[in-house]
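Listed here are the chains, written in short residue letters.
There are 2 protein chains.
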Amino acid sequence: MAAEDQVQRVNLLTSTDDNYGGVIVELDQHMDSATFVSILRASVSHWKLLGKKGVWIKLPIHLVNLVEALVKEGFWYHHAEPKYLMLVYWIPESPSTIPANATHRVGVGSFVMNEKQEVLVVQENSGLFQGTGVWKFPTGVVDQGEDICVAAVREVKEETGVDSEFVEVLAFRQSHNSFFEKSDLFFMCMLRPLSSDIQAQRLEILNAQWMPFEEYAAQPFIQKSELLKYINDTCLAKMGGQYSGFSPVSTSSNFSDQKNYLYLSAGALKSSNSS
Amino acid sequence: MAAEDQVQRVNLLTSTDDNYGGVIVELDQHMDSATFVSILRASVSHWKLLGKKGVWIKLPIHLVNLVEALVKEGFWYHHAEPKYLMLVYWIPESPSTIPANATHRVGVGSFVMNEKQEVLVVQENSGLFQGTGVWKFPTGVVDQGEDICVAAVREVKEETGVDSEFVEVLAFRQSHNSFFEKSDLFFMCMLRPLSSDIQAQRLEILNAQWMPFEEYAAQPFIQKSELLKYINDTCLAKMGGQYSGFSPVSTSSNFSDQKNYLYLSAGALKSSNSS
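Protein chains in written order, with UniProt numbering: chain A, 1 to 275; chain B, 1 to 275.
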């Protein structure tokens with residue numbers, strides 16, 4: 001009997017370890033569903049022997065033919081993006097400690113005030129404000145991987161053509177069930193204009209202008225909103241020099257090489273450190 | 001020829017309209033893939049005639065047999081949760097304006113300080129700090145639909161058994177690519193203890209204690225972290241009465257009946273209003 005006859009070769013899925021005792025598989029090559037199931041079963045047995053816990057399988061959308069097989073083998077959905085679906089499985093008997101998916105969308109509002117105490121406002125072409133005649137500050141969604149302080153400046157430029165620099169976060173609001181089951185964090189930001197000429201972006205924006213703050217604040221729509229009135233109060237207090245929001249400081253941490261922004265009341269910290 | 005012979009009955013998917021010119025379909029009943037495709041095609045033609053734009057199909061995991069058919073018809077993934085997959089399609093020739101999925105996970109850190117200037121710290125059983133001997137403040141992930149100020153109190157109770165009340169957000173940090181492509185918003189919170197007896201939760205926590213702030217801050221791990229040193233500075237400034245973070249105010253808005261928390265420098269606002 002030749003040596004090779006005593007050895008059974010088994011194909012296993014290629015995986016990498018995560019930091020929590022689990023494995024991550026990124027599939028890319030087409031496979032028929034039956035072949036895949038047999039390799040998957042052998043792989044899970046193998047990982048079980050190794051004491052592995054969570055199994056993550058990242059399935060690009062072109063491998064959609066394998067989704068049904070994975071669910072029938074006990075996998076469930078973790079999250080999805082346009083081009084892939086992430087499925088998970090928990091090997092041990094103990095309850096799964098697989099972390100939840102992202103829970104929040106992040107938005108910014110940009111309050112740009114010039115030296116004449118005029119605020120940069122827009123009228124929107126679509127959405128909740130369409131046809132209302134309301135003049136509002138520019139708002140938008142923070143892109144994946146984008147810093148809040150960068151998004152606030154970008155939205156102003158896109159909607160009005162005005163260049164600005166970030167000053168601070170005046171306040172933020174957390175709301176729930178705003179987009180299916182997801183929550184929303186909205187950061188109200190103060191910015192300083194670096195230019196004044198307006199070029200309204202006609203796709204989303206009907207019109208844009210510099211408007212005296214008092215006139216902006218007096219709009220009935222704004223007077224009816226407890227939230228917007230609070231925001232006006234912080235803007236007024238900020239203009240009067242009595243309010244301190246959070247400004248970004250670039251910091252490193254022990255956990256990664258990346259620099260990240262920490263937002264804090266830097267002025268208060270400075271005066272405290274120097275005292 | 002009878003009247004009914006002149007009329008062709010077509011089955012269409014039941015849908016509801018969204019606020020942006022699109023339709024939402026929530027499937028629940030089992031259907032074979034071929035039947036589904038013919039009903040889907042008739043439905044998309046119907047919506048196209050109506051001038052509809054985005055099509056959202058929410059597919060519970062027990063209907064996983066329809067995922068492949070939807071992708072072959074041109075749908076793509078929008079997001080997924082353990083029990084369902086959301087797929088989308090854009091009918092018009094114009095570029096899709098379908099909004100992105102949630103982009104951020106939200107975490108809290110709880111700094112609980114007593115009148116003796118001792119801080120409540122824990123040693124963790126697993127994760128990045130396992131086996132390091134580091135004493136750290138309690139941290140955790142904000143659950144779906146949970147307020148930041150509620151999560152901070154809950155984490156302290158779960159990890160240490162100590163009751164506390166929320167005071168304010170001292171600072172927050174935004175970091176990217178922290179969980180696959182998703183970003184992270186971490187809110188550093190100050191809390192006031194309402195009890196002092198410690199009962200460490202043995203599953204996640206090795207030990208918990210009240211530690212003099214100076215001793216906590218002197219740990220080499222903390223001295224090495226630019227981020228944690230900044231947080232210490234805010235805590236020190238707060239203890240000295242020179243720092244004002246953001247505290248939660250319950251507010252309503254024009255957009256929903258829900259009350260939401262707005263976090264702002266409420267002290268600064270009060271003194272400005274009363275002046």
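Think of the hints as simulated: they come from the structure by calculation, not from any bench.
Worth double-checking, as some hints may not be accurate.
Put simply, identical chains are the same to the list, so a pair is met inside one copy or across any two.
[As the list claims (entries may be wrong)] Heads up, simulated DSBU-like pairs for lysine-lysine below, C-alpha to C-alpha not over 30 Å straight-line: (1) 52 - 229; (2) 72 - 116; (3) 259 - 136; (4) 58 - 72; (5) 259 - 52; (6) 157 - 53; (7) 136 - 53; (8) 83 - 136; (9) 157 - 229.
Hints versus structure:
{"no.": "1", "hint": "52 - 229", "in the structure": "neither (53 Å within a copy, 36 Å between copies)"}
{"no.": "2", "hint": "72 - 116", "in the structure": "neither (65 Å within a copy, 57 Å between copies)"}
{"no.": "3", "hint": "259 - 136", "in the structure": "between (33 Å within a copy, 21 Å between copies)"}
{"no.": "4", "hint": "58 - 72", "in the structure": "both (16 Å within a copy, 19 Å between copies)"}
{"no.": "5", "hint": "259 - 52", "in the structure": "neither (32 Å within a copy, 44 Å between copies)"}
{"no.": "6", "hint": "157 - 53", "in the structure": "between (47 Å within a copy, 27 Å between copies)"}
{"no.": "7", "hint": "136 - 53", "in the structure": "between (50 Å within a copy, 26 Å between copies)"}
{"no.": "8", "hint": "83 - 136", "in the structure": "neither (35 Å within a copy, 39 Å between copies)"}
{"no.": "9", "hint": "157 - 229", "in the structure": "within (25 Å within a copy, 35 Å between copies)"}
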